[in-house]
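*Asks:* Sequence:
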Amino acid sequence: MKLYSWNTQKIQVNDNGKIKAISPFFLVSDDKAHLFNSSHYTNLGSIFNIQELKAVSDNIEMVTNDIKDIVAEKTENLINIYETAENSLNELKEIKKSMQEIENLKNEYIKIINQAEEYRKSIQEETKKYKETLSLFQKDTDTKIKEAEFSFNKAQVNISDLMEQAENKVAAKYMAVRLNMDNIYNKYINAVSSKTDECKKYADLSKKWACSPLNIPVENGLYSALHYAKISSSKGYVNE
Numbered sequence: 325m326k327l328y329s330w331n332t333q334k335i336q337v338n339d340n341g342k343i344k345a346i347s348p349f350f351l352v353s354d355d356k357a358h359l360f361n362s363s364h365y366t367n368l369g370s371i372f373n374i375q376e377l378k379a380v381s382d383n384i385e386m387v388t389n390d391i392k393d394i395v396a397e398k399t400e401n402l403i404n405i406y407e408t409a410e411n412s413l414n415e416l417k418e419i420k421k422s423m424q425e426i427e428n429l430k431n432e433y434i435k436i437i438n439q440a441e442e443y444r445k446s447i448q449e450e451t452k453k454y455k456e457t458l459s460l461f462q463k464d465t466d467t468k469i470k471e472a473e474f475s476f477n478k479a480q481v482n483i484s485d486l487m488e489q490a491e492n493k494v495a496a497k498y499m500a501v502r503l504n505m506d507n508i509y510n511k512y513i514n515a516v517s518s519k520t521d522e523c524k525k526y527a528d529l530s531k532k533w534a535c536s537p538l539n540i541p542v543e544n545g546l547y548s549a550l551h552y553a554k555i556s557s558s559k560g561y562v563n564e
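Throughout the sequence shown, residue numbering follows our numbering, covering 325 to 564 in sequence.
Note that these hints are calculated values from the structure, not bench results.
A couple of the hints might just be wrong.
[Unchecked claim] The calculated label-pair distances, taken between Cβ atoms and stated as ranges, are:
(1) Q448 to I469: 28 to 38 Å
(2) K430 to E456: 33 to 43 Å
(3) K417 to K452: 45 to 55 Å
(4) I469 to L546: 49 to 59 Å
[Unchecked claim] In silico lysine-lysine, BS3-like type, Cα no more than 27 Å apart, as pairs:
(5) K445 to K455
(6) K455 to K468
(7) K470 to K455
(8) K468 to K452
(9) K430 to K420
(10) K453 to K470
Glycine included, every Cβ here is placed at the ideal spot set by N, Cα and C.
Model the full assembly from the supplied sequences, consistent with the hints where possible.
*Replies:* Laid out in structure tokens, this is it:
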């Protein structure tokens with residue numbers, strides 16, 4: 325292989341010393357080199373032949389493959405590292421979540437303990453008040469029992485007096501009726517006598533409603549209480 329350049333373009337440098345133009349160059353195979361032997365091209369010399377170029381190409385491809393393999397391996401390692409880091413981060417998040425839950429449980433436990441302590445103090449105070457009230461009630465009960473015993477003994481005396489007074493009043497009324505109130509006594513007897521039939525009628529009717537036998541209507545197709553009670557007891561329902 326030979327390297328050629330065009331003679332129409334040379335390397336040009338500007339006033340600042342920077343390259344502003346360069347002749348393009350190209351490679352030509354050895355068997356085609358004679359075609360470029362003219363004043364228009366400059367032979368820059370043979371740099372490598374086909375075998376060298378192929379060897380270089382193979383080396384470049386091999387190096388490229390090695391680079392690809394290395395890049396792939398490093399990439400896979402980076403992916404693994406990333407996944408490991410992500411898993412570790414998730415584990416840390418779960419640990420943080422668990423720690424927060426433990427903290428919440430601890431706070432709830434402390435809250436329950438504080439409430440229990442408050443309840444214990446409240447129960448102690450209520451128990452103390454109850455004992456004090458019970459003691460006062462016991463004292464008050466003893467006092468009331470003594471007062472009741474005194475009142476009962478006094479009432480026994482009063483009842484004896486009242487019974488004696490009542491006996492005297494009954495005797496006095498009896499004597500008054502016998503001696504001075506025959507007219508009033510007769511009117512009372514007449515009033516009771518005038519109500520006797522009506523009272524007897526209601527008494528008989530009440531007895532029918534209460535005790536008439538089974539399946540015998542008392543009035544308007546309705547039966548006695550005894551009738552319904554027997555049906556309810558024997559069959560579990562009321563036949564109205």
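*Asks:* All hints, please: hold or fail.
*Replies:* Checked hints:
no. : hint                     : result
1   : Q448 to I469: 28 to 38 Å : holds, 31 Å
2   : K430 to E456: 33 to 43 Å : holds, 39 Å
3   : K417 to K452: 45 to 55 Å : holds, 52 Å
4   : I469 to L546: 49 to 59 Å : holds, 54 Å
5   : K445 to K455             : holds, 15 Å
6   : K455 to K468             : holds, 19 Å
7   : K470 to K455             : holds, 22 Å
8   : K468 to K452             : holds, 24 Å
9   : K430 to K420             : holds, 15 Å
10  : K453 to K470             : holds, 26 Å
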